[in-house]
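This is what each chain is made of:
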Amino acid sequence: MRGKVAVVGYGETPYDRARVERGQPRLTAEEYASWAMDLALKNAGLSKSDFDGQGLGVAGTIYPHAEIWSAEVVQNLGITPKMIIRADQGGASAASLLTQSALAINAGIVDMFLCIVADAPLSMPTASASGARTWRYENDYMLPFGMMGPNSIFAFIMRRHMHQYGTKREHTGKIAVTQRYHASMNPVAYLKAPMTMDEYLSSRVIADPIHLLDCCISVNGGLAFILASKEKAKQITDKPVYLMGFGECDNYMHGSKNRPDVTYLGIVKAAPDAYQMAGIKPQDASFVEIYDDYTIAVLMQLEDLGFCKKGEGGKFVEQTDISVNGQLPVNTHGGQLSAGQAGIGGGCSHIVEAVRQLREEAGQRQVKDPKIGIVTAIGGLAYGVNLVHNIVMVFGKEV
Amino acid sequence: MSASSETAEQYWSWTKPEITSLNKPFWDGLKRRELLIQRCKKCGEHQWYARANCIHCGSRELEWVKSSGKGKIYSYTIINMVVGNSPIFNKELPYAVALVELDEGPRMYAMMTDCYLSDVKIDAPVEVVFKDVASDLTIPMFRPAKSQ
Ligand SMILES: [Zn+2]
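Chains as they are written, first to last, in the numbering used here: chain S, 1 to 399; chain W, 1001 to 1148.
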């Protein structure tokens, strides 16, 4: 699979929170899907009709809560594809669309795929309207027991990481502050105002030790990318970004099933597979785009990706310049912590940013002479563990 | 959380668990002041939450057995804000939720009660207490263990 498929185009709409009183638009997921497709097609120099007889990838949405969503999307866009793939792995949905569509292209079923993730969780008609996050184990065994969704689950994980390894809020704070700096150079980011370490440390407690500035910012938005076979890619663009390798691990428990060590994600299993396929080691990366629903998730993944030993993420972040000008640029777009998490589509921003960086189209926040980018995706909060779905992807400019 | 004469439907809105053929023994057990978890008849391992097969060996031969209700805190959080849950929890703020490691093996999320927030620590021994949060709903919570 190494270098057999390439990303040849991408689209990313601006993010907003449907605050009409502040002049923000209140759009539907349908509108974001259409907008993202338009941006990706223009970016690739293709037209919608080029995807008749090709592949379409569709991720789910928090809002609207629609089960047979791909039937809506394909009709709304007006495409007649040869096949549709649909992802429901939460934050890992976009990455799953990418790996699945790469497999379909490599199998010769189609030679292009248009993948669209768009979500409008902030456009729910009332505050009490329910989104699509309806895991039965959460409804039945977590919410009645006083849990408060992802914030509370990550609080347990962060507490444990601090307890086992002495990780400090100054460590996770450096991630938040650096990503905000990156977001300040990202035109589509929702939060661009500079953040200081003091602001991070004193932000309000949500579920201790998780504070407000440890959490991603929920937004509306749409993203899309276009994949093509190596041969087709060369006809479309002179700047293809190749998928060099990928690895996936679902429902990983480090140690025992009943008593896993929650400081390990399945990334620790997915990463070696991705590196082996790509023929790289983590230190070859020019930058990393790490799925960041919470600051501690970034720190743990730096460990699981092999940039340092388990438990040394805090020290690693302290001693490493993780800005775009540093030794290891992390989340160069500002990530979901600052640019925004467009519902289920949030994880697509890391893929789009990696492609943008490797094509050297990242403007002010461009990493110098990038060759290899590593992208992670995690999704689906498990009961008593951490994240169910874990995907690592390696992208490169040349095969 | 105080006892209530209201039903779960009236008070807890969508936070109310769905009682199903799979988990009914657990909820019924709580009303009898018993904390039930599943045990596999084939491999002997325990599990929580309710599943239709053993997550260890795959067997569908599961039985509900009484947990000692004793364990220790693996991790915890102090909830300061209600997000995506029933507003009923607002009157409890701030409160602790622990991930309790039961002596039988599995871990269980549960609210801490009958203690100060400063009593909630990793590795602290805890024991179950049963709280009737609605006229038709009993929830297991934990408190610092009185005797070991
Ligand atoms: Zn078994």
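The hints are simulated quantities; they were obtained by calculation from the structure and are not laboratory data.
Only a predicted model underlies this, so the values are computations on that prediction, with no experimental measurement involved.
Check before you lean on any hint, since a few could be wrong.
No farther apart than 20 Å at their CA atoms in a straight line, the calculated lysine to aspartate or glutamate pairs in the EDC-like style are these [said to hold, decoys possible]:
id: 1; chain 1: W; residue 1: 1016; chain 2: W; residue 2: 1045
id: 2; chain 1: W; residue 1: 1072; chain 2: S; residue 2: 21
id: 3; chain 1: W; residue 1: 1024; chain 2: S; residue 2: 31
id: 4; chain 1: S; residue 1: 257; chain 2: W; residue 2: 1114
id: 5; chain 1: W; residue 1: 1072; chain 2: W; residue 2: 1028
id: 6; chain 1: S; residue 1: 257; chain 2: W; residue 2: 1063
id: 7; chain 1: W; residue 1: 1016; chain 2: S; residue 2: 138
id: 8; chain 1: W; residue 1: 1066; chain 2: W; residue 2: 1092
id: 9; chain 1: W; residue 1: 1121; chain 2: S; residue 2: 208
For the pair supplied as a hint, residue 1016 of chain W and residue 138 of chain S, is the alpha-carbon distance within the 20 Å limit?
The hint holds at about 11 Å.
Are residue 1016 of chain W and residue 1045 of chain W close enough, with their CA atoms no more than 20 Å apart?
Judged against 20 Å, a Cα distance of about 29 Å means the pair is violated.
Would you check the hint for residue 1072 of chain W and residue 21 of chain S, treating anything up to 20 Å between C-alpha atoms as holding?
Violated - the C-alpha atoms of residue 21 of chain S and residue 1072 of chain W are around 49 Å apart, more than 20 Å.
Between the alpha carbons of residue 1066 of chain W and residue 1092 of chain W, is the straight-line distance 20 Å or under?
violated, 29 Å
Verify the proposed pairing of residue 257 of chain S with residue 1063 of chain W, using a straight-line Cα cut of 20 Å.
OK: residue 257 of chain S and residue 1063 of chain W at ~19 Å, within 20 Å.
Holds or violated: are the alpha carbons of residue 1072 of chain W and residue 1028 of chain W at most 20 Å from each other?
Distance of about 24 Å is beyond 20 Å: violated.
Given the hint that residue 1121 of chain W pairs with residue 208 of chain S, test it: the Cα-Cα distance must not exceed 20 Å.
holds, 13 Å
Verify the proposed pairing of residue 257 of chain S with residue 1114 of chain W, using a straight-line Cα cut of 20 Å.
Judged against 20 Å, a Cα distance of about 30 Å means the pair is violated.
Is the straight-line distance between the alpha-carbon of residue 1024 of chain W and that of residue 31 of chain S 20 Å or less?
violated, 43 Å
The structure fails to meet hints 1, 2, 3, 4, 5 and 8 from the earlier list, while all remaining hints are met.
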